[in-house]
Each structure stands twice: as C-alpha cells, then as structure tokens.
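Peer 1: Top to bottom, those sequences are chains A and B.
When the first sequence is numbered by the UniProt record's numbering, its final residue is 282 and no position is left out of the sequence of numbers.
When the second sequence is numbered by the UniProt record's numbering, its final residue is 357 and no position is left out of the sequence of numbers.
These are computed hints drawn from the structure, not numbers from a lab.
Backbone N, C-alpha and C fix where the C-beta goes; we use that ideal spot for every residue, glycine too.
A few of these clues could be false.
Sample of chain A residues with no beta-carbon within 10 Å of chain B, all distances over it, derived [to be verified]:
hint	residue
1	L6
2	L22
3	V50
4	W83
5	P171
6	A174
7	A178
8	P185
9	P195
10	L196
11	I253
12	A267
From the structure, some residues in chain A lie toward chain B, with a derived Cβ separation under 7 Å [what the hints assert, rightly or not]:
hint	residue
13	P33
14	E35
15	A80
16	Q173
17	N180
18	L181
19	A183
20	Q226
21	K228
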Amino acid sequence: MAALVLPAGLLVSMLLVAPMLLLFRISLNLYSPTEMMVEATSAANYLRAVADPYYRQVLVTTLLVATGSTLLTLILAFPAAYWLARMQSRWKSFATVVVMFPLLVGNVVRAAGWLALLGNGGAINAALLGLGLIAAPLPLLYNTGSVVVGIVAVVLPYMILTLAAVIESIPRQAEEAASNLGARPLTVFRRVVLPLALPGVIAGCVLVFVLCMNTYASAVLLGGPQFKMMAPAVYDQFVRGNNWPFGAALAFILLGITLTLTVVGSAVLGRRYRRGKLEEAA
Amino acid sequence: MGSLVLEALSKRYGQSTAVERVDLDVPQGEMVALLGPSGCGKTTTLRMVAGFVPPSAGRVLIGGTDVTRTPPHARNTGMVFQSYALFPHMTVADNVAFGLEMRRVNRAEREKRVREALQLVRLDKLEDRLPRQLSGGQQQRVALARALVVNPAVFLLDEPLSNLDAKLRGEVRMEIRSLQQRLGLTTLIVTHDQEEALTMADRLVVMERGRVRQVGTAEDLYESPADPFVAGFVGRCNLIEGELETPGGFRTATGALLPCIFGPRTPAGRVVMALRPEHVQIAPAEDGPARLQAVTYLGAQTEYHLDFNGTPLLAIRQTPAAEDPLRRLSNGDAVAVSWNPAAARLLPAAQPDGKGA
C-alpha cells in the first residue's frame, strides 16, 4: 500500500520541496544592485523585513484582510452549506455545480468583473447616478472593502463545499430530536449543528485562510497601487526590484506566519472537539 | 399528560397522497400502534403529530388544544427516533438533561430528574459516557429517558425496536410497555412489525396506502378483520379469492366449491375467504384433494404448504408426535384438508389494492 504513495510523493518532493529548499537558500543570500545576488549566509533579509515599518504594515494588512475575509466567508457560507447539505430534491447536484461554478472563472477575470461593477464608471455607480440618488460616484473601489469582497467571492465555494460535506454527515434526526425536546431553531443550531460541524468549520477556515493570506489578483486589481499585501510584495521584489534574496525572505515569512497561525488556530478551535475524542478513547 | 386526537388528518405531496383523512382518538394513558407496511403513511402521521411535517388538511389536538400550527419545539411531545438520534457530542447525562435545560429547569432539579430518569431505564452508572460508547440497547434506553424526563403530553415512538437484535427486542418491548403503563403515558407507536404492535399496544390502527383500514384491539383485528388486507397483515392468513354461490357455498377462482356459513353481514358477489392456517386440519389420504408442497419444521409448530386444486394453502399444526402418521408426510404426498366452516370468514374483495399474506 505504501508503494501507491510513491509517485505522488516523488512528484511533491521534486516540484515542491526542492524549489522550496532552493528558495530558502536564496533568502540567505545578499542583494547587490550591480551583481543582483551575492552568495552569503546571512539573516539580513529577514531582519530587514521585520524591522522595516513598511513591510510590517504590509504584513498587518495581510493578516487583517485574511482574518476578516475568512470570518465573513464562514458567516456567508454556513447558511448556504446547510441549505445545500439538507437539500433532498433532484436539483441537489445542479445546486452543487452552481456553487462550484465561480471556480471555473480565473481570479483575474473575476477581479475584472468586480472592476466593471464597482468602478467609478461601473454598473453600481452608474445606476445610482442615473437614479439621481448620488451626485458624485461613490469610491467603491481601491480600498480594503473592495479587496475583501473580491477575496470572499473567490474563496466562498471552497468554504461552502467543505462545510456542506460535514453538515451532510450530521443526522437530521439529531436536529429533530433537539427541536422535539423544546429547542428553538437558533438553539438547535447553536447546541447541535454547530458543535457537530466544528471539524468542517476548522477545515474550511484553514483552507480559506491560507488562500486569503496568499491573495494576489484581488489585492492588485481591486486594491489599487496604494494597497499592499504580502503576495504582491513578494512579486514586486522578484520581478520589479530584481531583489530575489529579499523576495524569498518575504515569501518565507508569509509561509511561516500562515503555517503557525493555521496550526495554532485549528488547535485552539479543535480543542473541544478533540476533548470529546479523548473521552471516547479513555 | 393529555389525550391525542387526530381529525381528518391528511398529507399530500403534489399529486401523491401520503396520508388520507386519518381520524384517531387516543385517550389519556392509552397506547396505540400505527401498523402497516412501509410507505403506508404511518411515519408521516407520527411526524405530523410531532410537528415535523405540516399537514395538508385536518387537525392535531393534544390535551384538547389544537396544535396543528404549533412548531415542534412548543408541542411537548416526547419522541424516540428509530435511529435514537442521540446527540453524539454530549454525554448520556447531558443528552437526558437537554429537554429540561430547554424548559429552564434549574440545575439542582435538573440533576435530580436526570438521575431519576436514568434509574428508570437502569443506566445510572453510565451517565458520563458518550453515546458511541454504548451498545444499541443502551442507546435506545438513553433515548427513552431523554424523551420521558420532560413529562411529555404525548409519547411518540418511531419504530423504536427495529435496530435491536431479536432477543433484546423482546426485552425492550416489555420494558417500554411497563414504563408506559406505570407512567400513564398517552402513546403513539409506529411499527411495521405486527408482533410488536400486538404485544405492546392497547389498540392498533392498521394503515395501508395512507388510509386507515381498521382500528381495534389485537383480538378485534385477528378474529374479525374488516378486509383481506387486515386479515393478511395481522397474523398469517390464507386468502382465497372466489365468488359466493347460493345455494352451495364458496366457489374458488380455480373452480372448487368450499363449504361456508352465510351470515347477515356476508358480502355478496366476489369475496375473499380468510382462513387462519391454524384452523386448517390435514390428514394423510391417498385420494386427498391437496398435495403437500413443502413442510417447514419450526420446533413447536410445523408449517404445511399445500396445493389445493391450484390454490396455495397454508396449514400450521402443533408438531405431531413421532408416531403420528402426519410426521411421515413428505413433499408430493396427497392429503385430506378440512376446517370448521365457522372459522372461514368471508370478506368483501372490493379493495382493489388488498394484498394477500
């Protein structure tokens, strides 16, 4: 059986682990405007990233946007996932496809769609102006809000599908039993559905948070030139600044923080769930 | 505590009818079983009482109050689900306490009542376990305690024994019945198992295709079935199709003339003769009209599957002693068949969907 993992294992180590090691090596080099990259073993790039208030701000923005987008996605996705999971009609597979449909459109194309909707000459402002409700276009674009909207639209299907899979495994009769015992719908949700869906909530949040942390297209296209998140900052160093060592260091900081928060976050959220599992083992 | 009344209760899904004008009156403390094959509407009826299915027409009254439009959480029914539906993330004690918590019973009182309820079902040692650490029978008893602890006005049981093995089923059956009688619970139980219904309920409601076929005690249904469906569903029964001929008797579809007794309520024309297999006497006879097709030895009883002039006929006798000539019968032997004409009931064949046993 273990042999079956071999092809995938090889592929991952060749295409993921090796480049990562190489990138890490690069992050220890130094940048020189004339020679581009100088062989070294130095933590200078990391120290600079941590010390520079500009990059600290980029990191804070990234964390806030990712956390906010993840929570917003969770709140929006839960009702949809519940509805999808409990759907019994023959439209269920159709509804599932509809949920997945946005995934068929690339991030850049979708961001372009938001531009056409939210821009100064976009559909919303045009409609409001046309109706005479506003005198000047509303600044809907190039702010944190527009970036969050763009990101949430990208990651929503992942969250819905992850949650729906878990909610489907919650016996409907457990909800009916709670309601039979006198629980109002909100109490049924709080006491039965949510605790039982917790593994899915954790999985969905981890998945979505990682995607949010690494947002590129939405941040660049909907955030505008003033708005900076980590992934575009890495890109800038590599392509515009030609500063590979510093870009690599930024990339590893992004990776490290995402990894740490994901592990810590899911451990904290999952504590209650695992406590139940432990009792079972005892 | 309260009575339960169903008035012309109906449920339609688009064109199809799940439940059609069910009327039922369950007085305080009585246990009534809804009995029927799967898809007969018995579970839908129960779920309408619990409030999970909104009726298309008719009313549900609990303790004299119309609850037809009341949401499930405000109905004060105690339901035991087929799958038990315990909360998998809560301990036994928390499961049982849930309904009391919803009723804002204070902690001390809650703990006392949970303990009492668990003692009632003999699970007081397991209160800190999670449902998945319990056996099926134990889970079942937690579900009972959880439903009973809130003193429901009506106790609802949805196929409560179908997930238990045969031996446990008998035990739990007695246990539920004695709890129900001790606590004086107005109870509605849904089952497709006639033995379960016959042994537990005061009265039975036989349903088929959304309609009530007959309501009565076990004896009523077994000894005076209203139609061939009830005769075939409650207990085993030979259902022989044919026509009445006067004078003479009953002419089977295959042409044989059988003796029968005409009464004032005997239907005319096409009828079904219902004959319980224990009323069929058989004897070995060279020139007998019936041929033995199979013998099934069941220990105390033996079943004889006969071919009687092209009509299948089942006879069930106490297993004969070793020296009895019946014991030497084997497949293909000719046998003589007889029964007391008074034991054969003539039922109207009108129901187009009446099915045999």
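Peer 1: So, for every hint listed, does it hold in this structure?
Peer 2: Hint-by-hint comparison with the structure:
1. L6: holds, 36 Å
2. L22: The claim stands: L22 (chain A) keeps its Cβ more than 10 Å from every Cβ of chain B (closest is about 46 Å).
3. V50: holds, 42 Å
4. W83: The assertion about W83 (chain A) holds, with a minimum of 18 Å to chain B.
5. P171: violated, 6 Å
6. A174: With a cut-off of 10 Å, A174 (chain A) comes too close to chain B, as the shortest Cβ separation is near 5 Å.
7. A178: violated, 7 Å
8. P185: violated, 8 Å
9. P195: violated, 5 Å
10. L196: Given a closest Cβ separation of 6 Å, the condition is violated.
11. I253: The claim holds: I253 (chain A) sits with its nearest Cβ about 38 Å from chain B, beyond 10 Å.
12. A267: holds, 18 Å
13. P33: Violated. Min distance 60 Å.
14. E35: violated, 61 Å
15. A80: violated, 23 Å
16. Q173: Because about 4 Å separates Q173 (chain A) from the closest Cβ in chain B, which is inside the 7 Å limit, the hint holds.
17. N180: holds, 5 Å
18. L181: Cβ of L181 (chain A) sits 4 Å from chain B, so the hint holds.
19. A183: Since chain B brings a Cβ to about 5 Å from A183 (chain A), closer than 7 Å, the hint holds.
20. Q226: violated, 47 Å
21. K228: Since chain B brings no Cβ nearer than about 43 Å to K228 (chain A), farther than 7 Å, the hint is violated.
Of the numbered hints given earlier, the model fails hints 5, 6, 7, 8, 9, 10, 13, 14, 15, 20 and 21; all others are met.
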